[in-house]
Amino acid sequence: MLELEKNNLTREIEEFAGNYNNNRTALMPLLEYIQGKYHHIPDFAQQEVARVLDIHPVEVYGVVSFYSFLNEKPKGRNIVRLCKSVICDMGGRCAIAKAIEREIGVKFGETSPDLKVTLEFTNCLGMCDQGPAMIVNDRVYTKLDPETACAIVREIK
Amino acid sequence: MKHLKTSRSPISQQAYVPKPPENLETIGGTVTVQINGETITVPFGTTILEACRMADIYIPTLCAHEDLGIGGHCRLCLVDVEGMRTLQASCAFPITSPIKVKTSTTAVRKARKHIMELLLSEHVGECYACVKNGNCELQTLAKELGVDHFTFGHRTESKFPVDRSSYSVIRDMDKCINCRRCVRTCIDLQEVGCLEAIGRGAETHIDTFMSKPLADVICINCGQCINRCPTGALYANDPSDEIWRAIEDPTKHVVIQTAPSPRAAIGEEFGLEPGISVTRELNTALHRIGFDRVFDTNFTADLTIMEEGTELLTKLKKALVDGDKDVKLPQFTSCSPGWVKYIEHFYPDYLDHLSTAKSPQQMFGAVIKTFYAEQAGIDPEDIVSVALMPCSAKKFECNRPEMTSSGYKDVDYGLTAREMSNMIKEAGLKVPDLPQSDFDNPFGLGSGAGLIFGATGGVMEAALRTVYELVTGKEVPFENLRIEPTRGFEGVKTSSILLEDCVPEYSFLNGVTLKFMVAHGTANAKKVMEMLVAGELSDVHFIEIMACPGGCLGGGGQPIPTNARIRAARAKAIYAEEEMLPVRKSHENSHITEFYRKFIPEGPCSQKSHELLHTHYTKRGKFIV
Amino acid sequence: MIPNDVTNTIHDSSLLFSSYEAGSALKKALNMTREDILFELKASKLKGRGGAGFPTSTKWMLVAAAKGDDKFIICNADEGEPGTFKDRVLLMNYPFLVLDGMVIGAYTVGAQHGYIYLRGEYVYMRDYLEDCLAEMREDNLLGDNILGKEGFNFDISIVMGAGAYVCGEETALIESLEGQRGEPRNRPPYPVNTGLCGQPTTVNNVETLATVPHILLMGGEEYAKRGTASSAGSKLFSVSGDCDKPGVYELPWGITINELLEKVGARDTKAVQVGGASGVCVPKSKFNRTLSFEDAPTGGSIMIFNESRDMLHVLKNFMEFFVEESCGQCTPCRIGNQKLLEGVEMIERKDYTFSYINDLKDLAHTMKVASKCGLGQSSPNPFLSILEDFKDEIFLTKCNGGV
Chain A
186 MLELEKNNLT REIEEFAGNY NNNRTALMPL LEYIQGKYHH IPDFAQQEVA
236 RVLDIHPVEV YGVVSFYSFL NEKPKGRNIV RLCKSVICDM GGRCAIAKAI
286 EREIGVKFGE TSPDLKVTLE FTNCLGMCDQ GPAMIVNDRV YTKLDPETAC
336 AIVREIK
Chain B
46 MKHLKTSRSP ISQQAYVPKP PENLETIGGT VTVQINGETI TVPFGTTILE
96 ACRMADIYIP TLCAHEDLGI GGHCRLCLVD VEGMRTLQAS CAFPITSPIK
146 VKTSTTAVRK ARKHIMELLL SEHVGECYAC VKNGNCELQT LAKELGVDHF
196 TFGHRTESKF PVDRSSYSVI RDMDKCINCR RCVRTCIDLQ EVGCLEAIGR
246 GAETHIDTFM SKPLADVICI NCGQCINRCP TGALYANDPS DEIWRAIEDP
296 TKHVVIQTAP SPRAAIGEEF GLEPGISVTR ELNTALHRIG FDRVFDTNFT
346 ADLTIMEEGT ELLTKLKKAL VDGDKDVKLP QFTSCSPGWV KYIEHFYPDY
396 LDHLSTAKSP QQMFGAVIKT FYAEQAGIDP EDIVSVALMP CSAKKFECNR
446 PEMTSSGYKD VDYGLTAREM SNMIKEAGLK VPDLPQSDFD NPFGLGSGAG
496 LIFGATGGVM EAALRTVYEL VTGKEVPFEN LRIEPTRGFE GVKTSSILLE
546 DCVPEYSFLN GVTLKFMVAH GTANAKKVME MLVAGELSDV HFIEIMACPG
596 GCLGGGGQPI PTNARIRAAR AKAIYAEEEM LPVRKSHENS HITEFYRKFI
646 PEGPCSQKSH ELLHTHYTKR GKFIV
Chain C
898 MIPNDVTNTI HDSSLLFSSY EAGSALKKAL NMTREDILFE LKASKLKGRG
948 GAGFPTSTKW MLVAAAKGDD KFIICNADEG EPGTFKDRVL LMNYPFLVLD
998 GMVIGAYTVG AQHGYIYLRG EYVYMRDYLE DCLAEMREDN LLGDNILGKE
1048 GFNFDISIVM GAGAYVCGEE TALIESLEGQ RGEPRNRPPY PVNTGLCGQP
1098 TTVNNVETLA TVPHILLMGG EEYAKRGTAS SAGSKLFSVS GDCDKPGVYE
1148 LPWGITINEL LEKVGARDTK AVQVGGASGV CVPKSKFNRT LSFEDAPTGG
1198 SIMIFNESRD MLHVLKNFME FFVEESCGQC TPCRIGNQKL LEGVEMIERK
1248 DYTFSYINDL KDLAHTMKVA SKCGLGQSSP NPFLSILEDF KDEIFLTKCN
1298 GGV
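Quick mapping for you: the protein sequence lines, in order, are chains A, B and C. Residue 226 in the working numbering sits at position 41 of the first sequence, and the numbers go up by one each step. Residue 502 in the working numbering sits at position 457 of the second sequence, and the numbers go up by one each step. Residue 1016 in the working numbering sits at position 119 of the third sequence, and the numbers go up by one each step.
Hint data in this document are derived by calculation from the structure and do not stem from the laboratory. Just to be clear, a hint being listed does not mean it is correct.
As the list claims (entries may be wrong) - Dumping the calculated DSSO-like pairs for lysine-lysine here, alpha-carbon to alpha-carbon at most 30 Å:
no.: 1; chain 1: A; residue 1: K258; chain 2: B; residue 2: K257
no.: 2; chain 1: A; residue 1: K328; chain 2: C; residue 2: K1142
no.: 3; chain 1: B; residue 1: K370; chain 2: B; residue 2: K571
no.: 4; chain 1: B; residue 1: K155; chain 2: C; residue 2: K1258
no.: 5; chain 1: C; residue 1: K1181; chain 2: A; residue 2: K328
no.: 6; chain 1: B; residue 1: K664; chain 2: B; residue 2: K363
Just so we're clear, the structure is a prediction, and the values are computed from it rather than from any experiment.
All chains, full assembly: derive it from the sequences and hints.
In structure tokens form, the structure reads like this:
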């Protein structure tokens, strides 16, 4: 990270936490904000968050590592999360996953080397009545089959 | 939007004291409960576990520890509470109504055994090849719960590499059972914050920030986590193999200094009750093991008082007489290497307040490889200097690059009481059964003032005895030299002593009230530092801080277990031994005066003493690269 | 409204999805005393719709009676139970019903602030819900002196979850709101006394809150006429799996599984998982069981499996879910679920002994009573029920051509 980027990040964190009186209750929204903007929460950011909220860096790390949607390691700019819960599974999750993997040459659980896309399985998306479903970034796609799923993923690739 | 102040640590991890009902007065503040059919009356809010202990009913516990907040993680202490659908963790259940408890139903016994079998299934390693063999809570409980085979398997392949990066603390997470005592110790008890539960579900484990090696994070090496770890997952970096090699090497002259705290506690490793000092038996053991000389760290504790006391008086003079605004008061003690590293990390801008005097261990190291080598006619290169300490941070301290005033590594090895007891056992000796013997000269005499360094407040008491007498020419006005305001286990103690009828040299102190504070445990140190940062301590002159709860006697290298009762017993032993000593003031120690006369005739805080007996500190800061 | 291909299919709605004018129940509530509202709720016998079924009137009464500098009401929209999606439908189609319910709750318990803990997977609803809140603020349904009620100040904020199923447990949810790892707390103390930031807090499911306005409009006794004796009123069921008409159904409590299957157009049904992954799996022979707190309780998840499905595979999916989603804090849940999953894998590999499977069943019973929170207490349910009710399918496998 460049010094300039670091300074920007620090300013953002301080501003954000200031709205919460630098209280620990700001932690989740703050981490979500950083994750959304930088696609991960770098260790520098974690330490700055800890400093601003007056908690220990390891506590921030503990929180980041607890939640599936927060990551300390860089993820792709686009995250594809395919539901693996039992109903989507019965609807052909496995075939869809393999098709996507073939289509873009990245395995589930991995990030493409150009950091463009990350493929992940996720637990129930709450779309069981119209599964199989996946979320690409913040958008939901339902009633997938291998072909439509690949078309969606190709768009971002 | 309103934001309330939340507590630092999860509420679930803090001791929960329920709000008493408003009519507490009329109902008497107690609750009558039935445990296994027996009726017992307990104070409102007592946990079931505490109530059972009052009734002499044994409940197995693992994640519970008297020094720490409530966990409720391990679930071994489950009991049956009538009317509740599930079993309840007795450590976490406050009694607020007249409940009926059963502690040994079939379901309870089965659940406890299942939980133990689950823990063992994830616990890698064999007992006989483990540092905690024989003193392991997991092992003991497995036996108590009647585990005779691994019902749910036993993992043999390692999941985590052993972290040996630290000079002081080794982490073997394969043995960890996720009781989180270390987390509660590090975050809540010590407020250092190196260890936390990381990950979720099956991946949950204890780790450092970004899973970095312990040496690279802000660990202060206090070793309190080691003292509270129920398994062998955390232990100190043991140098005893190298020490054995040195002892067996005829070209090496191996000397050992022993600090007061391990002497008051090492008996526990040999089955003695806490609170029995075995100083002179230990001397015999060390001689028999093959140490060429056994010295008393009390000697350099006295030296520390001379240096630190003089430093304080010099600072006071500068501030009061010369009106020097740059003098940093209050002055902090610097004997505790855990505390030194704490302030280097957390309050690097306040290092000027820290006395530059080295700790007794490092003073001794420097003196042994200079003065002693010269006197005894031994090449310092051939001297191996070992320090028996109650402390894991001393291992880090002796490896600090600045600790080479003698031209060599001043102290070669820091050894904990636990490691020493193992060496003694290896040699086939039993300390309590040995005859008594004396320390070796020329450092055979330590004063009682040096001895009480082992208890929190001891350094302050020792310093006051000397400073008061130097300044006023009279003994401190306390019966039998017991300066009570410095004693006891209160977290932060504040008191003062009026300096009157001063000798001419110190007439500038006439009528000055010397205000001092004593704190132990870095959580209390933090309170003091926050007061300092807020400018509330401008009238305080001298502050003693020890990193470990209870001071050195509760150090991270002391026998396990530790709790308030054991620490109090050790303190009692130290204070009792002290009153038996002929010399009880550092400046009256004839070996000290002799030492200064022969070796540093210019006296304390002179240039030579600065070269040898003082040090400097590093602004480390909190940022982890 | 929401730029997604989410369609909310609602079948059979008797109450919750009937027309509701935003604010109407709230207006009525503010003309009632707190005691009156609690009385109506008590008469309605409304029980929490998240699955645990704690009487809502009792919970609100405890919070109303508790002493605290502040009180909070939290809407639990962390709908993570596999097979459940009713809250999604409620929040997207009837947000004002839920929000009015929250304001009424706040008025009743004396809360000044409310939080909607929305699961991270539902992030696409956030902007819409924020718009709804803004609209309510404009209409003085939120803010200071709501609808002219002197001294009743209340506002709601939305906090996003970040992908942790266990945060649906109320104390874990509170920990998460406080910026902690979402690990359930020891109880007691209960949130009604010591909740968010140590203050009295009520945590209610989306559906519970959405039911409250209707109860106030129609009267508690009237509401209690539906359903069964211990399960009053109606319930939203999220139906998915092998059926013609998946979607949300509002049906009175006490309906049998058979009746439900008929309604949703399920044929060839072999098993129904009632209550999501942590619920129980009901085999064909027991389809006359009723959906109710006294028989087969559910937070609303109904997953239907037809004859072609491999029940061991279903079980494995559930156990994988729990191994991943356990908070990892207490021993029985953290390690126990791993052991159960390993057991399932052994059966899959045909590398098991019945004595070990029985040990695991024993362990499962221990987990039900020894775990710290509802997750670990209910995660062995599918293990026990599937291995028991489908043992022929699972253990009587083909061997060298014969059975």
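A quick look at each hint next to the structure:
1. Annotation: proposed proximity of K258/A to K257/B holds, straight-line Cα distance about 14 Å (limit 30 Å).
2. For the hint pairing K328/A with K1142/C, the CA-to-CA distance comes to about 14 Å; that is within 30 Å, so the pair holds.
3. Between K370/B and K571/B the alpha-carbon distance is near 25 Å, which keeps this suggested pair within the 30 Å criterion.
4. A hinted pair counts as satisfied when its Cα atoms are at most 30 Å apart, and K155/B with K1258/C qualifies at roughly 13 Å.
5. For the hint pairing K1181/C with K328/A, the CA-to-CA distance comes to about 28 Å; that is within 30 Å, so the pair holds.
6. For the hint pairing K664/B with K363/B, the CA-to-CA distance comes to about 25 Å; that is within 30 Å, so the pair holds.
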